[in-house]
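Trainee: Protein sequence lines, in the order shown, are assigned to chains A and B.
177 is the number that our numbering gives to position 177 of the first sequence; each next residue is one higher, with no gaps.
586 is the number that our numbering gives to position 586 of the second sequence; each next residue is one higher, with no gaps.
None of these hints come from the bench; they were simulated from the model.
Heads up, the beta-carbon is just placed ideally off N, CA and C, and yes, glycines get one too.
There may be inaccurate statements among the hints.
[What the hints assert, rightly or not] Sample of chain A residues lacking proximity to chain B, with all beta carbon distances greater than 12 Å (derived):
no.: 1; residue: S45
no.: 2; residue: T274
no.: 3; residue: A318
no.: 4; residue: A407
[Claimed, not checked] Reference listing, derived: stretches of chain A covered by chain B, where coverage requires no fewer than 3 residues with Cβ under 8 Å from a Cβ of chain B:
no.: 5; stretch: 65-79
no.: 6; stretch: 349-358
These are the residues of each chain, in order.
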Amino acid sequence: MLEQKPLLSSLSLAFACFFDLRASKIEGSQATARQTAELLRSVISQQRVPYTNQAGALIDAVRAVGEQLIAANPVELAVGNIVRRVLHIIREEDLSLTTAAIAGFNLSAASDGDDDDDGEQDEHTVLSAAAVAASARNALRPPSLQTLLEDMPESVAIPHTSSSGGDSEGKSKSADKSSRTRRLKHDVIEAVNELIQDINTCHEQIAEQAVEHIHQNEVILTLGSSKTVLEFLYAAKEKKRSFRVFVAEGAPRYQGHLLAKELVTRGLHTTLITDSAVFAIISRVNMVIVGAHAVMANGGVIVPVGLNMVALAAQKHAVPFVVLAGSHKLCPLYPHNPEVLLNELRSPSELLDFGEFSDCLDFGSGIGSPLLHVVNPAFDYVPPKLVSLFITDTGGHNPSYMYRLIADYYSADDLVVRRRVALGN
Amino acid sequence: MPPQRKGAAARVSEDTEDLTRHPLQAILLADSFATKFRPITLERPKVLLPLVNVPMIDYTLAWLESAGVEEVFVFCCAHSKQVIEYLEKSEWFSQPNFSVVTIESHNSVSAGDALRLIYERNVINGDFVLISGDTVSNMSLTQVIQEHKERRKKDSNAVMTMVIKQSKPSPITHQSRLGTDELFLAIDPQTKQLLFYEEKTDSYRGIIPLDNALLGDNPSICLHNDKQDCYIDICSQEVLSLFTDNFDYQHLRRHFVKGLLVDDIMGYKIFTHEIHSSYAARIDNYRSYDTISKDIIQRWTYPFVPDVMFSGNSATHLEREGMYRASEIEQSRSAHIGPFTVIGKGTKIGNNSKISNSVIGKGCSIGSNVSITGSYIWDSVTIEDGCDIRHAIICDGVVIKSGAALEPGVVLSFKVVIGQQCIVPSYSKVSLYQQPTVEDSDEELEYADNSSGTVDSSITCTVDTLNREMMSETPASQMLSLHLSSGVEAEVHMEKYAYLGPGGVGHVWSICEGAHEEEWRHSVAPSPADKLAEAIQSLEDDLELLNLDGNALSVSGELKSGRNGTDSEDDDVEDSRDDSIYYEKEVEATFLRAVNENIKVPDVILEMNSLRLSYNMTSADCAGAIFYAMMKQALEIPHATAGELRKSAASIIDAWNKLLKFYSKEIDDQIEVIMKFEEMCLESVKEFSPHFSQILHLLYDKDILEEDAILRWADEKKDAEESDKVFVKQSEKLIQWLREASEEED
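Just chain B, with the same shape it has in the complex (with noise of 0.2 Å):
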């Protein structure tokens, strides 16, 4: 390394053409610095976990070495002992034109640390690729790198190119495909400059706080929510002595990204490079690790594939429909492997076995009558007879006992052992080690120390502290009969599960309050029926208080349009909705125009009967709409009390008898009439409210309303609330005497 660097300062002295010529090199951060992945992250590093029988690890530096990174800098953290003995048994060391070092920490919290630690040992020099090792992608860095490259020329300040992806969100549950939330993008459509990173939002308003300042500076900004964030960052040095400066960044995107796009002192920007044809995903949650899964066995990954070696995995053949089989499988012939599948090496399969859309690792024994669907089965693995195993993960040497059960969603962790006919509920997290302590949050650690993990025990413990004790000392060995259950676990809904069965061995992890509501989105079981319906059901509570709220359309409006499936319907409220308030502003207008012009009443209904031809209105609006008019004009007819209002109204209602008589012919266009003056009196023009049962009559007078309306508007009114029969009261004497006069003439 040594001459690397003295010729890397030498060059940088020279001019900038000469950074190119530069191996280049990446950053591989070996530790996701996030706890998702617990319990198995406590016993296993992320980056070690298999993918499709391949650890992910693997993954990312057979894509970094096949697109030209030269040297690759790993850097280990959490278990960084495993990593390492990982990578030294393996071919990477000794690749040729690919360099693997690994640099080891032991007190870093966060990617911050881990960048500020590199920047300490001066090894990068220039620009870098910052990936973390849980990313499987197959795209060509050489395009991104070139224009990062020419950016960097034109503007010093473009420190970095992040790699996005489109990936449309779900519509129910504003989660990408990976599991992830919903990304909000504002990227300059020509620049493509990131002006804005947002993953969560109130989404379920369909509100982004966007700056003012961000619309005023740029001419034009394209929103995007169906981008996927791929975590490959094509970075330039500054980024590192940026970490370095502040040193309170800690997460790559919360904090650096965001504290980049707010901060406009320094100027930095960041710059997007979209991939189109290229596959590219971080494996975040277990839900990613499932959709990946998938996405490496359809092949999208391609040539990063169970049949294609590209790493030191075993060789797979592939066969139809997507089955992927390794060698000495010994497979019963009543058993029956579904499509999209990959069986391990050495893996036997017993009788009327079922197992479709899952992954089974190297070593397995599987026994007869037993169902395996969407499950992820690490390397051996014993499932007994007649298992019925749902969407999990299961990791090495886990037992699982006859007639045991797995609902959807469940991860069995390291050695653990379930007992016979034992049914684990969905969601719950299995593992030999004890669930650790609630801890700060800003602390995500990949590990918690695995001693305080064990014996440790500051959980409210009431039962088996002995057993415990045991166990801390011997996690692996068969105890036959241990019930474990601690105390936070059988507090709540898990009282009936919170054994694994005779012969269990394992700690039933609680899981913490509120979170479990979330608990179905992160899972690697696919989300159920009833919480998508729920969702729905909120997704369209919120649709309609939008629609009532009239100043939220012009927002809501684009971004909903691409978002979900129930827009065909909410969209033509809306846009009845918008229609009549233009109608109504159009009718104004024109009854505006023949009041000041003098123009006769025949024309006037011309006119009207245009207007309503092309809004495609009932004659009933055309009344409710005139009639609004008339009184919006009553009301500009400077007035000094409330006698001479009501008096204006009436000379204009006279004079225009003959306009409102044409369109409030039927009884149910005079209802409309009524119903429009009673929401005028309460919102808009709440001048007239004294004078609503006066003017009623009046209209009563003029033969503009019969008395069989007034009737069925006050029959109408009868079930409403108190607030709604105002005017009904007010016009209570009127209405009786109708009655009186009506029941007369019968």
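In isolation and in its complexed conformation, chain A is listed as follows (with noise of 0.2 Å):
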């Protein structure tokens, strides 16, 4: 392929990201998810695109790259989740441009089709850009209630279904307009950025909604630590809110502790709890409010471990199950599919120790295999039924309504970035 060689100077020039990403240095879904926005912003910006075909050519390159991402560290699930934004994306910005071409192609053609008439190509752009980008997104969606009830030309709507099924022959007619060159990356790029942006802000447009979920003199239970839940606590008693929190310790990382110690630096009533006081306790909680590590298109959760059993006692006494969730967190792959079932299993020593257990762990004697095991993972998987409501940062969902979110942040194309870079070569 043409792309091949440019690909492989900016797969080097990548490798100091995909060594933090595999040795799973990077600690959370967010520093993650930027990690991984910013390194294919990076791959974007190096990709030397040809004169046809752009977007293919980008699609191509974010595509190799993520693979090898998203096989790096495959239980992060927020790296794919990004890897398919990102490729959403390109799809996005590639359709409003053809739209805009298309539209504003009597236009250029008047002013002799020339290449550096960009000021005035600008602003044609910038007037229709809304409605191009509304129009482009829907195309991409399935059909729905909104789509239907929006008003939108056909003509428009026809060609783009047309060009995102990935051929490249169909877009190079339309792409032959030299006008678009540079501009397809540029705003690639700037969307990208506003990825990155997103992902930083989430924390606070999660916590913007607290005060309507969190009342005076409630309870709220927690497990293990997350910053979007404390932020959102913290949020919620900025407002002026009094409230308890209990937090389960979150064995064995203990994490617990962590989030505890910093809730009463805040400010915060707090009560620390072992994990397994947490039925003795639900009966007094109002709401249990929990971080996701990922959420998954059917509305269930990959969780830390340990809070399918709190989702299980606060269903019992029908304690609202609230699940805090950045964008990035969303999954567009269904919990059947093996790569979610794939737990991280991490180190035993998180158990015990070591030295303590050595004679139980000799593989010298006996038949070679120690007849301890020790078994550690890291995640729960938390089924839609079990939990009440989503905060994401564009408000509260309910887990059936998760799919429906889904596919407004990527395109169906992507959901498999493996299989396709495996026919393509």
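Dock the two chains into a complex; use the hints.
Mentor: Okay, here's the thing in structure tokens:
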């Protein structure tokens, strides 16, 4: 392929980030998401775009890098999410430009279709950008109530659906307008910047909604530690709500201890309990608020280990189970997917002291394998029926609505990143 | 590099505070300077051997990179070309903030030589991490380096900090789980200073030779036998110059550490740093290769585990029950893959094959009905139908033809071919290369010159000289029906296995005499049950010896407690023994007091009873003890002749007649008295031995002993050894007389 050489150079540039990602050095989905987005931005900016089929080239480049990133750390779903988001952004921008080109075809034809008349073109696109983007997005979505109600010109929608199929031929015809050459990349980078901005501010946006959910004198239960939960609770406290927080410590990593400490330094009434005391305490609790590792397309969530138990206890006592998740945690996959069932198994040393148990782990006698096995999974899966509400940076949603939300952020072509690349090669 | 060196020179003169600004450096010895991995290391350096499908050096480098080391000097000696080539191909040279520099040497034979060479290069300009390329760890270096630096500020003689980890040795074999010898460390519990380091001790006797001065100089010492040396050292620059000054230092531990500990003129100190939650271990032998592989599979080394990509390894997925599978595996539906197994990319597995607890490399093809247990199969290995492989290491390109079986502990080096239906016996090592002749044991090279290994065959070889010459020219070629058997291997137990079956290619290495017995200790296979039973037996024998030897008790007592499962019974025996000794002393003291203060018999009985109860003794013990005390008392009274001694004894017996009688009412008690007396005469109070029969007679006269007691004692002694019968013979007359008397009565 043509793109192979520049692609490789951008790969070598990206190795620094690979290393951090694959050795699980970056903790937390948010940091991972940001890192991935920044990496993809640099890939895009390094990518030399051909004259024709720019979007295709960009998509291929992002895919190739994305595939490796996902393989480097398959458990951190945020990586895959961001890769798909970026792919989606490229498609959208391409689409909006195509629409603009078609809409402005007469205009540019009148002005001799010169490359240098950027000013005019810009003006034109600025005028129609919002409408075009909206129509382009609709073209990618499956038909929904919103789309049906929206008055959309058919003539615009049809060419886009054909071009979004990922075929270069259909696109190249309309893409030969050189006015688009530099703009696509520029627009994509702009959009990725916005994405990074979104990731950075997702805590604040979620926290803004805190007062709507936390009421005076309530008791809130959480498990483990989550930055989002911390900000959420603090935001409610800032708004002069007075409430109590129960923190389950979150064995075996005991992140709950850190959260409790942080909450106390910020002036919240905090009670620390063991994980096993959750059921005993749940009848006093008004709401369970937790952070998520990833939100699946069916509304199920991947959460720190121990939370399934909490969700069951909450259901038993009809306590709302609220999950806070930034939009980068929305994953377009369904949890029957083996990639997802794959849990992250961490080191057994978090559970027990190797030295004390070293005699139980002697392989030199008996049948050559020890009788003691230590398993330390990092995550739990909570099915959608146990979740009462999702609070994302775009507002509160029911679990059954998640797939719609996900459809806004991802295009269906990108759901399987890897297979497409394998076929392409 | 030059600008850095200049900078270093300038900075050294400045304040020590500035030392912290140096980039953290590490010296990685990519040569073990040992021959434990032969014959594999004849062809490939140890650091490039795959450990769970990733070369060992990648674990070390990945850890150094993640621990914040910025500059690594890889010292290559054996097969240096291969190491350098590998590093060039890998990503390690292209890392930002992590530079890897290779240093090549061809004439270094030890770690000491390596460090001297690095000193000459003058590249180290601050504290550095010293490890070998076969170390697997995930510890954080921040704390230990901090500690090291702080100690250095206070005391410039603290040249090294050694990382240790708790790991209990096996009570039976006295080995760590890594297959190394039980390690004894003496550490100052306050300062963590290392005071004593001993790997090979007379562990069976549980005796460690500690220097008196050590105990004198230090207010407290903690002696550990449950620590493992991780072979990760944080060293100061002085260490390099120390190696240069002491040009006879070769081995890092045996010479350098012990040298520093013994040498009190310079006063250099070594400290220890114990890690708890993180992992660190060094692959020393096949046993540790096995153990560390399993630790990796069980994820103790997280994040350096197969399903996290930390170097150029291929993507592997972790499935239920600890099964790791790479992509593109062709597996028959009927094949059964057990837990804790790693299967590499592109491997094919046939029908009804069973694999458990094993690691299988890339591109292997495994036939049907194959059974593989606890084995390490590297890349591109072909295993035909019906093979049975247990606890073996099989290197790249090996072909095992149908129906062959490998018994536990076999090592097959590169490209060996095992013929059909061949059974390879336990602990055999097979290589395409001839076993090199026995070398000077000091020269622990990882490789003998390849040429000498094959062509220069000074082994007393009688068979197939021609064939071997052909072999050395075309070692990898298939030679049909080549039954290789050198003179050495044909001679002993291996006779019937000396060939590798029809179509087999390779030399079976003979195991040096003496080493064969120890082979199981370091093998990849678990220790066989019979060897363990043997070890337990010898352990018990030793303990019995210890128990008999009262002086050894105090020394061995503490060490033993942490050591074995047979403790409880032994402790009981020991305790009761201790108790009876104390009891005897107590009784003696009481009796002495009674004599001196003229206490009346009933009062003495009262006191004796309370003593008896508090020590939980039988009345027989009492009688024995009291009699012992009385005889001791008799001995105290000054006497010139033997006659006088007898008289004083008689008078004491007379005086305390009632007391003794009170405790010797039963026949058994009386026999105990006689036995006690006999024991005394034999051991502690030999003066009484000539008077044995007289005193016995006296006791009989005083009605303390009944005739039955004496007769039964005599009967018991009938079967005893000659030496034990001395006193029976001496009192022959009395016994005779008693017998006649009783018969007359009848």
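Trainee: Each of the hints needs a verdict: does it hold here or not?
Mentor: Hint-by-hint comparison with the structure:
no. : hint    : in the structure
1   : S45     : 18 Å, holds
2   : T274    : 20 Å, holds
3   : A318    : 34 Å, holds
4   : A407    : 28 Å, holds
5   : 65-79   : holds (count 4)
6   : 349-358 : holds (count 7)
In this structure, every one of the numbered hints holds.
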